[in-house]
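Protein chains in written order, with our numbering: chain A, 67 to 121; chain B, 26 to 290.
Check before you lean on any hint, since a few could be wrong.
[Unchecked claim] Below, simulated SDA-like cross-link-like pairs (lysine to any residue); rule was C-alpha separation at most 20 Å, straight line:
1) B:LYS126 / A:VAL120
2) B:LYS33 / B:PHE213
3) A:LYS107 / B:GLU122
4) B:LYS33 / A:ASP102
5) B:LYS151 / A:GLU84
6) A:LYS107 / B:LYS73
7) B:LYS33 / B:GLU226
8) B:LYS126 / A:LYS107
9) A:LYS107 / B:LYS184
10) A:LYS107 / B:LYS151
11) B:LYS184 / A:CYS75
12) B:LYS151 / A:MET67
13) A:LYS107 / B:CYS272
14) B:LYS73 / B:GLU122
Derived from the structure by calculation, the hints contain no laboratory data.
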Amino acid sequence: MIPVRCLSCGKVVSAYFEEYKKRTDEGEDPKEVLEDLGINKYCCRRMFISHVEVW
Amino acid sequence: MDIAIKSKEEDRITLVIEGVDVPFINAIRRICMMEVPTMAIEELGIFKNDSRVFDEVLAHRLGLVPIKTDLESIIPRDECDCDDHCPKCSVTLLLKEKGPKTVYSGDLNSQDAKITPVHDTIPLLKLRGDEEVELEAIAQLGTGLEHAKWQPTTVAAYKYYPEITIDTEKCEACADCASECPRGVLEFDEKENKILVVDPENCSMCKTCVKDCEMEAITVEGRDDKFIFQLESDGSLKPEEVISAACDILAAKSQKIIEFTEGES
């Protein structure tokens, strides 16, 4: 499960992860999805692009 | 002091503040991060947890969930006259779920309709089969000094207001500075045959343009009495509420010093 907040800045990232996952699985560009969700800092963006949901 | 709002969104505010010095604005920044109180879950009674998430991990995840705070209606727990906790100084959130499902922060059942989690979609734990979870969480006021979960801000930062000057006598209008600027601050105006400063507030003061200018016609400096202050909140308080609360705290601290020195003499 994705950490609740960004490890560096503390912004809540987990609240948006499921929407990000759904939209990228449907073929949208991750960059555009992140911008649309308002995830602008690179510390928060790496939380999304590097996360692997294991269980 | 002159304050202008450059941009304002739901959880983010950018101000241009003029006529203050570094110690003052830094005090505001540090109080915004560390001393403005917000709500967060501090105590947890876990009655049942069948899931594969350990109790400690679950408690940590719950602690990090930001909770909408109303600084008027709730008081810090150590200032309350109750023995343990009461509705004046805390809010109880209940959770009782049965799998199979993912439990979200929105499933937390708050006893106070105004004080609820900011986001409803934070996954807390996953329940498989007929696993069950039942817990009682107590949220209370706290400050970032004690634990980062009480920090109202995710970004609280300021930078010097950049001042870019171009010496028109030295400048040969080669436009190197405009093409080298990584942030599009400078632009070459072909009609007028000169360099224009189009977006000075976006300048990061990297001084690439200064290094590239062979004629030494361009200077980039930061003003130490004008700042761009940026604040992003985690949603528990609005960014403007954070700043005004920080100013109140700084004023109270200053008052304390004034009273102390006056009492001495």
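Outcome of the hint check:
1. Between LYS126 of chain B and VAL120 of chain A, the direct Cα distance comes to roughly 16 Å. Compliance with the 20 Å bound is thereby established for this hinted pair.
2. A threshold of 20 Å between alpha carbons decides the hint, and for LYS33 of chain B with PHE213 of chain B the separation of about 30 Å lies outside it, so the pair is violated.
3. Distance hint between LYS107 of chain A and GLU122 of chain B is unfulfilled; the C-alpha atoms sit about 35 Å from each other, more than 20 Å.
4. For a cut-off of 20 Å, the pair hint linking LYS33 of chain B to ASP102 of chain A stands: about 17 Å separates their Cα positions.
5. For the hint linking LYS151 of chain B to GLU84 of chain A, the alpha-carbon distance of about 14 Å falls within 20 Å, and the restraint holds.
6. Proximity of LYS107 of chain A to LYS73 of chain B is assessed by CA-CA distance (about 38 Å); at most 20 Å being required, the pair is judged violated.
7. A hinted pair counts as satisfied when its Cα atoms are at most 20 Å apart, and LYS33 of chain B with GLU226 of chain B qualifies at roughly 16 Å.
8. The straight-line distance between the Cα atoms of LYS126 of chain B and LYS107 of chain A is roughly 31 Å, outside the 20 Å bound, and the hint therefore fails.
9. A hinted pair counts as satisfied when its Cα atoms are at most 20 Å apart, and LYS107 of chain A with LYS184 of chain B qualifies at roughly 17 Å.
10. For the given pair, LYS107 of chain A sits about 28 Å from LYS151 of chain B by alpha-carbon distance, which is inconsistent with the 20 Å threshold.
11. Restraint check: the Cα-Cα separation between LYS184 of chain B and CYS75 of chain A comes to about 18 Å, which is no more than 20 Å; the hinted pair holds.
12. The suggested pairing of LYS151 of chain B with MET67 of chain A holds, with an alpha-carbon distance near 9 Å, which does not exceed 20 Å.
13. The straight-line distance between the Cα atoms of LYS107 of chain A and CYS272 of chain B is roughly 27 Å, outside the 20 Å bound, and the hint therefore fails.
14. Of the pairs offered as hints, the one joining LYS73 of chain B and GLU122 of chain B holds, with about 10 Å between alpha carbons and a cut-off of 20 Å not exceeded.
The structure is inconsistent with the numbered hints 2, 3, 6, 8, 10 and 13, although it conforms to all the rest.
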